[in-house]
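Sequential numbering from 9 applies to the sequence shown in the numbering used here.
Keep in mind that the hints are not guaranteed to be accurate.
[Claimed, not checked] Taking lysine-lysine pairs in the BS3-like style, the calculated list, with each CA pair at most 30 Å apart, reads:
| # | residue 1 | residue 2 |
| --- | --- | --- |
| 1 | Lys133 | Lys122 |
| 2 | Lys59 | Lys77 |
| 3 | Lys122 | Lys77 |
| 4 | Lys20 | Lys59 |
| 5 | Lys158 | Lys178 |
| 6 | Lys158 | Lys59 |
| 7 | Lys122 | Lys59 |
| 8 | Lys178 | Lys122 |
| 9 | Lys20 | Lys133 |
| 10 | Lys240 | Lys272 |
| 11 | Lys158 | Lys122 |
To be clear, the hints were calculated from the coordinates, so they are not data collected in a lab.
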Amino acid sequence: MSIQWYPGHMTKARRAIAESMPSQDVIIEVLDARMPRASENPVVAELRGQKPCIKVLNKSDLADPAVTKAWLRHLEAEHPAPSSGSPPGGQVLAIAIAASQSSEARRRIPELCKRLVPPKNGPGKVVRAMIVGIPNVGKSTLINTLMERKVAKVGDEPAVTKSQQLVTLKSGMAISDNPGILWPKIDDEAASFRLAVGGAIPDTAIDYQSVALFAAGYFLRRYPELLAARYKLAELPETAAALIEEIGRRRGCLRSGGAVDLHKASDILVHDFRAGRLGRISLEEPPGLEDPSGIEESA
9 MSIQWYPGHM TKARRAIAES MPSQDVIIEV LDARMPRASE NPVVAELRGQ
59 KPCIKVLNKS DLADPAVTKA WLRHLEAEHP APSSGSPPGG QVLAIAIAAS
109 QSSEARRRIP ELCKRLVPPK NGPGKVVRAM IVGIPNVGKS TLINTLMERK
159 VAKVGDEPAV TKSQQLVTLK SGMAISDNPG ILWPKIDDEA ASFRLAVGGA
209 IPDTAIDYQS VALFAAGYFL RRYPELLAAR YKLAELPETA AALIEEIGRR
259 RGCLRSGGAV DLHKASDILV HDFRAGRLGR ISLEEPPGLE DPSGIEESA
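Work the whole structure out from these sequences, hints included.
In structure tokens form, the structure reads like this:
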């Protein structure tokens, strides 16, 4: 599944980010902890250049905790602090946060910004940070958490934030929030499916059954015990297609004549994952760990 989806407001958002980037001291890139690599926008990496970056793995309460720890180590190891005598910049620090960890986020993120940015003294010398990321990873929720009040509109769907806004934290740090942007064309098929399963792409732009087949195949290989528990399966089906059929039968997704409504069954599986009802699942793992990703060939 190769996705081309770049509506006008995203073109405008990319331009606004590019114009604001030179004045920023540090970039805060919000990623989906369930798929940190797939949710990394290459456009952000291109625009930020050598600016230091904090990678925030949001929704970590929905992700496999062991895999999240591995991702934190991997992301920081990819972009370590410059060695003595090397040009400054480019360092990445990573943190995992969850919706229930608001106080932790308010404490840790400014601390990490101070580690990456030299002290600024004098009137008007504040640290400037920009929050960026793809749609529906929780950027606006994070900025509301940092501000300790609702200043940004949030919603459980992509592209809720439509324009850039600037806020100032109690510490004096200035933070700008931006609409989520996807890159013009997503050629990596597995990444496309992960983004679709996680909700970063509008449901109107995806084929639910194909997305559910990918998810079902991955869950069967990596988290079979969670599937068995959620859908009360004494024996797991052997293929992704058979799993979706079984979910449909158990949840009453039947057409006239008793045939399973595969679209409704697919919808149940995908939304159970997004809501965390299946348990804590990561959709990808960093290099060095087994990554059985791919599309299940259904029979």
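Quick rundown of the hints versus the structure:
no., hint, verdict
1, Lys133 x Lys122, "holds, 13 Å"
2, Lys59 x Lys77, "holds, 24 Å"
3, Lys122 x Lys77, "holds, 23 Å"
4, Lys20 x Lys59, "holds, 22 Å"
5, Lys158 x Lys178, "holds, 14 Å"
6, Lys158 x Lys59, "holds, 28 Å"
7, Lys122 x Lys59, "holds, 14 Å"
8, Lys178 x Lys122, "holds, 15 Å"
9, Lys20 x Lys133, "holds, 29 Å"
10, Lys240 x Lys272, "holds, 18 Å"
11, Lys158 x Lys122, "holds, 24 Å"
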